[in-house]
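Visitor: Okay, here's what each chain looks like letter by letter:
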Amino acid sequence: MFSRFKMLEQKENIISNSMINNHKIVIQIEHLKKSFNGNNVLKDINLTVREGENLVILGKSGIGKSVLIKCIVGLIYPDAGSLKVFGKEVAEMNPRELNVLRTRVGFIFQGNALYDSMTVRENLEFPLRRNKTITDPYVIEELIVDTLENVGLVDAIDKMPSELSGGMKKRIGVARTLILKPEIILYDEPTTGLDPLTSREISNLILKIQNKYNASSIIISHDLNCSKITSDRMMILHEGIIRTEGTFDELKSSDDEWVRSYFKID
Amino acid sequence: MNLNIKKIFRNEAPKSNHNEFDLSRFKNVESFLNEIGGLSRFTGNFFRELFRPPYEHKELLKQTYSIGLSTLPLIGITAFIMGLVLTLQSRPVMAEFGAESWLPGMVSVSIVREIGPVITALICAGKIGSGIGAELGSMRVTEQIDAMEVSGTNPMKYLVVTRVIATTFMIPILVFYSDAISFFGSYIAVNMHGFISFPLFINQAFDSLHYYDLIPATIKTFFFGFAIGIISCYKGYFSENGTEGVGKAANSAVVISSLVIFIIDLIAVQLSEVFHVFSI
Numbered sequence: 046m047f048s049r050f051k052m053l054e055q056k057e058n059i060i061s062n063s064m065i066n067n068h069k070i071v072i073q074i075e076h077l078k079k080s081f082n083g084n085n086v087l088k089d090i091n092l093t094v095r096e097g098e099n100l101v102i103l104g105k106s107g108i109g110k111s112v113l114i115k116c117i118v119g120l121i122y123p124d125a126g127s128l129k130v131f132g133k134e135v136a137e138m139n140p141r142e143l144n145v146l147r148t149r150v151g152f153i154f155q156g157n158a159l160y161d162s163m164t165v166r167e168n169l170e171f172p173l174r175r176n177k178t179i180t181d182p183y184v185i186e187e188l189i190v191d192t193l194e195n196v197g198l199v200d201a202i203d204k205m206p207s208e209l210s211g212g213m214k215k216r217i218g219v220a221r222t223l224i225l226k227p228e229i230i231l232y233d234e235p236t237t238g239l240d241p242l243t244s245r246e247i248s249n250l251i252l253k254i255q256n257k258y259n260a261s262s263i264i265i266s267h268d269l270n271c272s273k274i275t276s277d278r279m280m281i282l283h284e285g286i287i288r289t290e291g292t293f294d295e296l297k298s299s300d301d302e303w304v305r306s307y308f309k310i311d
Numbered sequence: 002m003n004l005n006i007k008k009i010f011r012n013e014a015p016k017s018n019h020n021e022f023d024l025s026r027f028k029n030v031e032s033f034l035n036e037i038g039g040l041s042r043f044t045g046n047f048f049r050e051l052f053r054p055p056y057e058h059k060e061l062l063k064q065t066y067s068i069g070l071s072t073l074p075l076i077g078i079t080a081f082i083m084g085l086v087l088t089l090q091s092r093p094v095m096a097e098f099g100a101e102s103w104l105p106g107m108v109s110v111s112i113v114r115e116i117g118p119v120i121t122a123l124i125c126a127g128k129i130g131s132g133i134g135a136e137l138g139s140m141r142v143t144e145q146i147d148a149m150e151v152s153g154t155n156p157m158k159y160l161v162v163t164r165v166i167a168t169t170f171m172i173p174i175l176v177f178y179s180d181a182i183s184f185f186g187s188y189i190a191v192n193m194h195g196f197i198s199f200p201l202f203i204n205q206a207f208d209s210l211h212y213y214d215l216i217p218a219t220i221k222t223f224f225f226g227f228a229i230g231i232i233s234c235y236k237g238y239f240s241e242n243g244t245e246g247v248g249k250a251a252n253s254a255v256v257i258s259s260l261v262i263f264i265i266d267l268i269a270v271q272l273s274e275v276f277h278v279f280s281i
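Listed in order, the protein sequences are those of chains A and B.
Everything in the first sequence is counted per the working numbering, starting at 46 for the first residue and increasing by one.
Everything in the second sequence is counted per the working numbering, starting at 2 for the first residue and increasing by one.
It should be emphasised that the hints constitute simulated quantities derived from the structure, not laboratory data.
Watch out, some of these pointers could steer you wrong.
Heads up, simulated DSSO-like pairs for lysine-lysine below, C-alpha to C-alpha not over 27 Å straight-line [stated by the list, open to error]:
{"#": "1", "chain 1": "B", "residue 1": "LYS28", "chain 2": "A", "residue 2": "LYS204"}
{"#": "2", "chain 1": "B", "residue 1": "LYS59", "chain 2": "A", "residue 2": "LYS204"}
{"#": "3", "chain 1": "A", "residue 1": "LYS226", "chain 2": "B", "residue 2": "LYS249"}
{"#": "4", "chain 1": "B", "residue 1": "LYS59", "chain 2": "A", "residue 2": "LYS226"}
{"#": "5", "chain 1": "A", "residue 1": "LYS69", "chain 2": "A", "residue 2": "LYS105"}
Examples of chain B residues toward chain A, derived with CB under 7 Å [as the list claims (entries may be wrong)]:
{"#": "6", "residue": "ASN29"}
{"#": "7", "residue": "SER32"}
{"#": "8", "residue": "THR79"}
{"#": "9", "residue": "GLU144"}
{"#": "10", "residue": "GLN145"}
{"#": "11", "residue": "ASP147"}
{"#": "12", "residue": "VAL151"}
{"#": "13", "residue": "GLY153"}
{"#": "14", "residue": "PRO156"}
Cβ atoms here follow ideal geometry from the backbone N, Cα and C, with glycine treated the same way.
Sequences are here, hints too, so could you generate the full structure?
Guide: Dropping the structure here:
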């Protein structure tokens, strides 16, 4: 009975993966290299992300996972290789094009990066006023409330970031990104520092966002539960290259002992 | 030391520990030049963003208001004490030469030409400079500046341009305010040992002042303000290494701004002397 369920689940995974494989590529990275003071952090990165796909990248701390997603939004420029988002090379974009790209690609920071001096409302208003042509305060208010409803935090609208818990801050960070309705969302360790229950809530929120907005995501994570819930596909970054990739179940039952070691829970 | 010099003359390499010392000295020079280069590039970026729309009027007003208002009480108290002490200290010497009546004039020239602008700028470097350095530094280490950038806002324009303009235009206003309060302190001090009416005091004080006292002193305050703003923003904007870096950014913002204030003052005094000679 159990094996039958497992087979069905695997079949479902194969079907959903093949459906995603038909979608267009939104991020394409080829032979990307990046070093800092002679330390080669990213040696040869090759990956693609398709429309509506959730890609989880695993890897040890300090291995360059955050550097990789910062390259995608042009916060860091690679030393060599090609990085195309929506078919355009990021390194060749002028500031105006980069700004347009950044409205289409949301970035959720590890430490949330909420603006300390602004309330939750102002935090959400900030990107909206700068990137959308909406000036009507009622429309802006409606958008803010609607986005906060999506993350379940309408009551926190007039609070300062210092008054929020870690999980709430994470949700507001997600809301601030969502308000621009990005087509790609980059999550930098979304569940780090959160208790298991809140981590699960955030993971479910990521999944909910993917279903609602059909956004593609790259999720940098150490959290296996989060990876299991959110991933369509996973990659393991090791010594500057993508060492292996596959679905959660494929990697978990890999023949390679080293890959399986990532999934061991003491 | 002598041994090393002898070795250098004999084309021998000095001992390794001395060698390291020399290398570190070169590293200091290199980092100093890097800092100058970085600051120059940052200043260039500031001027490029200054004239490029969109303009952040709301943030500029907010910064101008907070920089000006937050410093008013501190400047007021310091300026009052400055005027009072300067007069009390100068009075015995002036009295010795029977020139007590020149006291308001002497104090006004000292305050307007030198003490007012420099002391006010130094207080602002401490109060405003450390504030900007720490604020931008913590925004940098908590990735708020990156968040601003990825949300399509130019942080250079939003954070730096607004703050530098605010300091450039608020410091001269604060200096005028400080001069006025110092005059009042001086008036109180003069009246401690005698009596002089306020209109007469002001009359004597302004009689000693000329346009070549006032104009160079006012012009240099704009440079003081600009230096405080740009240096503090630069140190904060590029702060690194977490909270330790924020502290360092705030600290070096104050130290470097104070040093630059004295350098600007030195140049301003020399230039105003030259123009004074030409005007005569």
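Visitor: All hints, please: hold or fail.
Guide: Checked hints:
A C-alpha spacing of about 48 Å is found between LYS28/B and LYS204/A, which places the hinted pair above 27 Å, so the restraint is violated. Straight-line distance between C-alpha atoms of LYS59/B and LYS204/A comes to about 22 Å, which keeps the hinted pair within the 27 Å bound. Note on LYS226/A and LYS249/B: the hinted pairing is violated, with a Cα-Cα distance of about 39 Å set against a maximum of 27 Å. Under the criterion of a C-alpha separation no larger than 27 Å, the hint pairing LYS59/B with LYS226/A is consistent with the structure, at around 26 Å.
Distance check on the hinted pair: LYS69/A and LYS105/A sit about 30 Å apart at the alpha-carbon level, beyond 27 Å; violated. Interface hint at ASN29/B: violated, since its Cβ lies 19 Å from the closest Cβ of chain A, which is beyond the 7 Å cut-off. For SER32/B, the shortest C-beta to C-beta distance to chain A is roughly 14 Å, which exceeds 7 Å, and the interface hint is violated. Nearest Cβ of chain A to the Cβ of THR79/B: about 27 Å, over the 7 Å cut. The hint is violated.
A cut of 7 Å between beta carbons decides the hint on GLU144/B: the least distance to chain A is about 4 Å, and the hint holds. Hint status for GLN145/B: holds, given a least beta-carbon distance of 5 Å to chain A, under 7 Å. Because the closest C-beta pair between ASP147/B and chain A is about 6 Å apart, less than 7 Å, the hint holds. At a threshold of 7 Å, the smallest CB-CB gap from VAL151/B to chain A is about 4 Å, leaving the interface hint in force.
At a threshold of 7 Å, the smallest CB-CB gap from GLY153/B to chain A is about 5 Å, leaving the interface hint in force. Violation of the interface hint for PRO156/B is found here, the shortest Cβ-Cβ separation to chain A being roughly 11 Å, above the 7 Å cut-off.
Of the numbered hints given earlier, the model fails hints 1, 3, 5, 6, 7, 8 and 14; all others are met.
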